[in-house]
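Student: Line by line, the protein sequences are chains A and B. Each residue of the first sequence is one higher than the last, beginning at 1 in the UniProt record's numbering. Each residue of the second sequence is one higher than the last, beginning at 1 in the UniProt record's numbering.
Just so you know, these hints were derived from the structure itself, not from any lab. Among these hints, one or two may not hold up.
Label-pair restraints from in silico Cβ distances [to be verified]:
(1) L3(A) / K329(B): 57 to 63 angstroms
(2) F223(A) / D126(B): 51 to 57 angstroms
(3) D105(A) / G89(B): 26 to 32 angstroms
(4) S319(B) / G128(A): 52 to 58 angstroms
(5) E218(A) / Q141(B): 51 to 57 angstroms
(6) A28(B) / Q56(A): 19 to 25 angstroms
(7) P59(A) / D126(B): 52 to 58 angstroms
(8) S234(A) / G89(B): 50 to 56 angstroms
(9) F223(B) / G33(A): 52 to 58 angstroms
(10) P59(A) / S319(B): 42 to 48 angstroms
(11) D126(B) / K210(A): 57 to 63 angstroms
(12) G89(B) / K210(A): 50 to 56 angstroms
Heads up, simulated EDC-like pairs for lysine to aspartate or glutamate below, C-alpha to C-alpha not over 16 angstroms straight-line [said to hold, decoys possible]:
(13) K20(A) / D52(B)
(14) K277(B) / E333(B)
(15) K20(B) / D52(A)
(16) K210(A) / D166(A)
Cβ coordinates follow ideal geometry from the N, Cα and C atoms, glycine included.
There are 2 protein chains.
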Amino acid sequence: MALVVQKYGGSSVADASCIKRVAQRIVATKKAGNDVVVIVSAMGDTTDELLDLAQQVSPLPPGRELDMLLTSGERISMALLAMAIANLGQEARSFTGSQAGVITDSSHGRARIIDVTPGRIRGALDGGQIAIVAGFQGVSQDTKDITTLGRGGSDTTAVALAAALDADVCEIYTDVDGVFTADPRIVPAARKIPRISYDEMMEMAACGAKILHLRCVEYARRFGLPIHVRSSFSSKEGTWVVSDPDSEGKEMEQPIISGVAHDRSEAKITVVGVPDKVGEAATIFKTLADAEVNIDMIVQNVSAATTGRTDISFTLPTSDGSTALTALKKIQERIGFESLLFDDQIGKVSLIGAGMRSHPGVTAMFFAALADAGVNIEMISTSEIRISVIVGQDDVDTAVGAAHRAFDLDADQVEAVIYGGTGR
Amino acid sequence: MALVVQKYGGSSVADASCIKRVAQRIVATKKAGNDVVVIVSAMGDTTDELLDLAQQVSPLPPGRELDMLLTSGERISMALLAMAIANLGQEARSFTGSQAGVITDSSHGRARIIDVTPGRIRGALDGGQIAIVAGFQGVSQDTKDITTLGRGGSDTTAVALAAALDADVCEIYTDVDGVFTADPRIVPAARKIPRISYDEMMEMAACGAKILHLRCVEYARRFGLPIHVRSSFSSKEGTWVVSDPDSEGKEMEQPIISGVAHDRSEAKITVVGVPDKVGEAATIFKTLADAEVNIDMIVQNVSAATTGRTDISFTLPTSDGSTALTALKKIQERIGFESLLFDDQIGKVSLIGAGMRSHPGVTAMFFAALADAGVNIEMISTSEIRISVIVGQDDVDTAVGAAHRAFDLDADQVEAVIYGGTGR
């Protein structure tokens with residue numbers, strides 16, 4: 001008998017009929033002889049509706065109260081799901097994050113899980129019951145106040161509970177069939193990836209693939225917990241996220257590139273004419289860190305010998321743009337830079353693949369493909385298993401498609417073969 | 001500095017603008033130098049909407065899960081109210097029933113309060129904060145599951161917390177100005193009652209006055225806690241419910257009759273032709289009690305000497321009608337009664353007044369007024385401070401108006417004077 005943790009997102013429980021369908025799947029898993037723990041998000045647009053209500057009463061609601069408000073969303077979906085399961089003749093018990101033992105710090109709106117003490121969940125399983133747990137929420141260790149985990153919170157709840165319960169698998173249900181080699185809306189020939197490593201999945205998530213949140217994959221990697229991303233609309237196998245995707249030898253040769261991710265949510269700021277003195281860049285990025293701005297890529301031009309000045313460009317979430325600009329304005333005089341440029345018409349395209357480690361020439365091939373497609377590269381950054389470029393936002397689709405084709409990821413193509421090349 | 005507990009019902013917090021208005025009243029009470037604890041119901045029709053959702057997924061949802069679902073309603077309203085108060089510059093903290101220490105038994109849907117341990121509420125007050133508490137809900141002592149208190153639950157929460165905190169007053173806010181001598185929709189000349197005793201208020205509540213639930217008045221009486229029923233739309237004094245309304249000597253002479261209540265929610269069942277043997281009535285009412293049917297009034301005809309049979313009539317909530325009839329059908333053969341009659345076209349009209357104790361003739365005057373108005377009396381029941389009659393449902397308005405006039409309760413009338421009479 002396996003212990004299966006399943007997570008259903010808001011679109012999977014959007015209305016009563018969705019909930020009844022999900023209940024049938026859960027009952028089928030239970031009847032197949034498994035212990036089942038289900039993590040559920042708020043129904044459809046509930047969270048947005050609650051946020052809208054909050055805005056109507058207060059422009060800047062206190063975090064504690066906003067968390068109290070938002071956590072009612074999962075309370076509704078989990079109770080309804082437990083009822084739907086009971087209606088199918090199986091016993092189910094719903095539990096809030098607090099009841100399920102999800103202990104967090106007290107950072108309202110973006111709490112981090114400190115500990116998971118799932119005594120009541122174990123009790124329910126021992127009693128033959130299906131446990132339904134509210135995703136996205138916990139209880140603060142210090143204040144005993146209700147907290148929320150922020151973006152990707154329900155996935156994180158699922159993985160954290162699965163790890164604490166030593167589950168055999170954490171199934172993340174979504175409205176697509178799994179993780180794809182590229183966004184199928186941009187690349188119709190994109191294929192489902194059967195197995196992918198935690199490292200690659202983390203890079204995918206960090207580069208804009210929205211299917212799993214970085215945080216939940218990190219958590220799963222730490223505990224070696226297999227994640228199975230699959231569709232709640234079919235019983236097909238989805239994508240397995242595991243330590244070593246090759247271990248089962250299912251594929252003779254893993255592709256060099258696992259997928260192409262893209263992200264349109266970033267903007268670029270250029271600090272123009274920074275005096276080329278020691279410590280100026282450090283001051284700039286310290287200022288941004290203090291303002292809690294997340295920086296992604298950074299490029300510094302070679303200083304022009306004639307002026308003794310340089311330009312520093314970096315990318316950041318577009319939503320952090322005004323915070324960053326305001327913070328930098330304040331140090332303009334002290335640093336003595338000339339001006340600030342802001343460009344939100346950019347996009348990031350990333351190639352991800354563990355095969356890069358052992359295959360030189362990937363970068364050259366990627367850049368050649370973009371050049372052939374007429375796409376200009378503005379910035380570049382790399383990791384051991386990833387190459388990212390910043391391009392104009394209008395070029396994102398073209399760049400993704402070109403890269404996908406160049407590395408033979410299109411469906412029905414044969415494995416890519418890379419000839420020689422100049423190394424990365 | 002006084003400790004004021006305020007309770008706002010669903011219509012007082014129906015939308016964002018209502019919530020902001022309530023927040024202003026709460027802040028004004030706080031600024032006047034009081035400690036303030038607020039009990040709040042779910043917004044407007046939230047509870048009905050949640051019940052409707054439950055019906056969509058399961059015809060008979062488990063009580064535990066229904067309670068989990070319904071308690072999300074107050075969670076939403078209390079968090080929004082705390083936000084609205086924070087927006088006015090006062091610190092507020094919302095607490096679930098469980099966090100507020102409302103400990104109940106585990107009867108889901110109609111839990112009874114066992115204990116109140118308001119440590120966190122006291123802590124909030126000591127910190128200068130306004131405490132907002134979810135009405136209607138608690139946590140079961142045994143199972144630690146979330147419970148709801150059933151009908152009148154939020155009022156009961158308010159009174160229970162006020163008693164546990166030794167509050168100076170429990171203010172129940174509603175959409176009318178207080179308790180009236182009769183329903184103003186039926187008797188336009190009805191007056192607001194400035195002060196009324198717990199006993200009279202309990203009789204009023206039991207006889208259909210919907211403004212306060214019987215249970216909360218009972219609770220307040222046990223702890224000698226003054227209740228102030230008032231409008232959330234004005235700052236006028238409402239009705240004080242206290243032990244001894246005359247103690248302040250505000251009125252030279254209390255009226256004999258405090259008010260006229262009515263109730264259209266009952267039905268009458270007649271068990272026809274019951275053999276006149278010892279124990280038959282006991283069997284009938286034991287059967288009904290086992291079926292959890294609440295009986296109100298009972299009348300048994302004098303047995304007809306010729307047949308040795310009698311008729312037994314009783315009233316009950318119309319909603320219990322089919323349960324009662326089904327239970328009685330099952331014992332028809334054993335008891336040997338002839339048939340069952342069901343009549344839901346009845347209404348109950350009740351005169352309530354502590355002055356009845358010392359004034360004979362009230363019953364005679366009441367019956368004369370009904371006779372003059374052409375109203376036929378079907379059943380009668382009395383307590384020390386109440387006379388109730390069952391009349392045809394179409395006669396209810398006429399009967400209420402006639403009684404109200406006969407006892408000089410109409411506004412601008414002088415105090416009633418009762419001449420002699422035959423006693424009750």
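Student: Would you list, in rising numerical order, the hints stated earlier that this structure does not obey?
Tutor: 1, 2, 4, 5, 7, 11, 12 and 16
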